[in-house]
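Okay, here's what each chain looks like letter by letter:
There are 2 protein chains.
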Amino acid sequence: MHRMARRAETIDLAVLGLLHEGPMHGYELRKRLNLMLGWGRVLSYGTLYPTLKRLLRAGLIEESPGSPTAVTGRPKIVYTVTDAGHEEFERLMSEAGPTAWEDDNFDIRFAFFSRTDMEIRLRVLEGRRMRLQERLDRVQRELSMTQAEVDRYAAELQRHGVESVEREVRWISDLIRAERGEGDPGSGPEPAPQPSGPA
Amino acid sequence: MHRMARRAETIDLAVLGLLHEGPMHGYELRKRLNLMLGWGRVLSYGTLYPTLKRLLRAGLIEESPGSPTAVTGRPKIVYTVTDAGHEEFERLMSEAGPTAWEDDNFDIRFAFFSRTDMEIRLRVLEGRRMRLQERLDRVQRELSMTQAEVDRYAAELQRHGVESVEREVRWISDLIRAERGEGDPGSGPEPAPQPSGPA
DNA sequence: GTTAGCATGTAAGGAGTTACATGATTTT
DNA sequence: AAAATCATGTAACTCCTTACATGCTAAC
Numbered sequence: 032m033h034r035m036a037r038r039a040e041t042i043d044l045a046v047l048g049l050l051h052e053g054p055m056h057g058y059e060l061r062k063r064l065n066l067m068l069g070w071g072r073v074l075s076y077g078t079l080y081p082t083l084k085r086l087l088r089a090g091l092i093e094e095s096p097g098s099p100t101a102v103t104g105r106p107k108i109v110y111t112v113t114d115a116g117h118e119e120f121e122r123l124m125s126e127a128g129p130t131a132w133e134d135d136n137f138d139i140r141f142a143f144f145s146r147t148d149m150e151i152r153l154r155v156l157e158g159r160r161m162r163l164q165e166r167l168d169r170v171q172r173e174l175s176m177t178q179a180e181v182d183r184y185a186a187e188l189q190r191h192g193v194e195s196v197e198r199e200v201r202w203i204s205d206l207i208r209a210e211r212g213e214g215d216p217g218s219g220p221e222p223a224p225q226p227s228g229p230a
Numbered sequence: 032m033h034r035m036a037r038r039a040e041t042i043d044l045a046v047l048g049l050l051h052e053g054p055m056h057g058y059e060l061r062k063r064l065n066l067m068l069g070w071g072r073v074l075s076y077g078t079l080y081p082t083l084k085r086l087l088r089a090g091l092i093e094e095s096p097g098s099p100t101a102v103t104g105r106p107k108i109v110y111t112v113t114d115a116g117h118e119e120f121e122r123l124m125s126e127a128g129p130t131a132w133e134d135d136n137f138d139i140r141f142a143f144f145s146r147t148d149m150e151i152r153l154r155v156l157e158g159r160r161m162r163l164q165e166r167l168d169r170v171q172r173e174l175s176m177t178q179a180e181v182d183r184y185a186a187e188l189q190r191h192g193v194e195s196v197e198r199e200v201r202w203i204s205d206l207i208r209a210e211r212g213e214g215d216p217g218s219g220p221e222p223a224p225q226p227s228g229p230a
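Order-wise, the sequence lines are chains H and X.
Following the numbering used here, the numbering of the first sequence begins with 32 at its first residue and continues without gaps.
Following the numbering used here, the numbering of the second sequence begins with 32 at its first residue and continues without gaps.
There's no promise every hint is true.
It does not matter which identical chain is meant; a pair holds if it fits inside one copy or across any two.
Stated by the list, open to error - In silico SDA-like cross-links for lysine to any residue, where the CA-CA straight-line distance does not exceed 20 Å: (1) LYS62 to ARG169; (2) LYS84 to LEU49; (3) LYS107 to LEU60; (4) LYS62 to VAL181; (5) LYS62 to TYR80; (6) LYS62 to LEU188; (7) LYS62 to ALA186; (8) LYS107 to GLU52; (9) LYS84 to GLU210; (10) LYS62 to ALA39; (11) LYS107 to VAL73; (12) LYS62 to LYS107.
Simulated from the structure, these hints should not be mistaken for laboratory data.
Between the sequences and the hints, there should be enough to build the whole structure, so can you do that?
What follows is the structure, given as structure tokens:
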């Protein structure tokens, strides 16, 4: 009972998901990851390479020596996802963890939505919306309880925060609507008819 | 050259800032902090109490025994900010650190804007706007370089991200305008005529 | 030929969380 | 009197970053 779902699973998910596009080596993976995680932080080698080793030991990915040009000490190691890795990917995509875990992983899950079915997509989206709404309610409750003189700037920060979350909720709601009524794209994302060829 | 500005300074700033409102003990501080940091994470005792000890050793805060009702082992310890603590607060409010540092601390600094002068406020706001714009430019550059088939959902996530940051930039711009032209509140925060009674 | 970028790793340390440990005070 | 909440702390552990260490390959 002392070892619940590690948070490192975010990186696992990202790596496994990216490797679905085809074999890749660490350096390339890192670049893609940094684009994907994007807004801010970059992933360091000190995290990536140990993670790859761990996934390897767990049998979720396999390493294959790259081109035979690399006869030196360390050849360019190319990783592929295994069947077990694919299963783990699907588990992580659909898993319902604690609030913080799901919040941390929402973006990365969303980015891989094409590789899941609609049922999962709706579950993830609705879970996200519910949590955002709960936070909104909590903050608004706390605000109404605090009748202490609110600082002008602190109040503005709160207002902006609430507005941002409300906007996020509307975004999610649009996405849910688009998922459900496929073919009725009022203002959602493009229909994009191609069914995504595998690899 | 191996010990640049610690990131823990965020909590230092928050604690020092809150103690300006009057003496407080740890438990109360934590509640206020959690309201303030708000959207998500809560601060744990395992961080707060060691932080208080550290600030105490550094002479930035002072502890005074609370009411004499507490004759037992651990009395309710009430903390006050010292002169040195006030100086450190002002330093942290105006300090220009690396990008990540300033981004991490923007919210907390903003919340304490009432306790600084306009010069600092403008500097912090303009710094924030500049960094957001830079990120926006970088992402847009990367997007134009990546002509690889973009996944439908990944693209939507990007679009939403860009939109959010653009909105943030507009918010900051409004605030800057409001700061500069005090008395010309087009659509900025409320004028709020009361000068905030101390405690 | 030397700089810049590709490529893979390890060691040390920072920052914070969880879980544990303890006891006082207030509410039910 | 039991339960909840106030209140203070410590130890172990996790995750990640920084800095170091190494060498190949392409561009200038």
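Consistency of the hints with the structure:
1. Proximity of LYS62 and ARG169 under a CA criterion of 20 Å is satisfied inter-copy only: 14 Å between copies versus 38 Å inside one chain copy.
2. For a Cα distance limit of 20 Å, the shortest separation of LYS84 from LEU49 inside one copy, 16 Å, qualifies, whereas the shortest one across copies, 45 Å, does not.
3. With identical chains, the CA atoms of LYS107 and LEU60 are at most 20 Å apart within one copy only, with a shortest distance of 13 Å there and 52 Å across copies.
4. In this assembly of identical chains, the alpha carbons of LYS62 and VAL181 lie at most 20 Å apart only when taken from different copies (16 Å versus 44 Å within one copy).
5. For the identical chains of this complex, LYS62 and TYR80 are intra-copy neighbours only, at 13 Å inside a copy versus 39 Å across copies, given an alpha-carbon limit of 20 Å.
6. With identical chains, the CA atoms of LYS62 and LEU188 are at most 20 Å apart between copies only, with a shortest distance of 18 Å across copies and 34 Å within one.
7. For a Cα distance limit of 20 Å, the shortest separation of LYS62 from ALA186 across copies, 17 Å, qualifies, whereas the shortest one inside one copy, 39 Å, does not.
8. Within a single copy, LYS107 and GLU52 get their C-alpha atoms as close as 18 Å, which meets the 20 Å cut-off; across copies the closest is 58 Å, which misses it.
9. Taking identical chains as interchangeable, the C-alpha atoms of LYS84 and GLU210 are never at most 20 Å apart, the minima being 37 Å within one chain and 52 Å between chains.
10. Taking the shortest Cα distances, LYS62 and ALA39 sit within 20 Å of each other inside one copy (18 Å), while across copies they are farther apart (28 Å).
11. Taking identical chains as interchangeable, the C-alpha atoms of LYS107 and VAL73 are never at most 20 Å apart, the minima being 22 Å within one chain and 43 Å between chains.
12. With identical chains, the CA atoms of LYS62 and LYS107 are at most 20 Å apart within one copy only, with a shortest distance of 16 Å there and 51 Å across copies.
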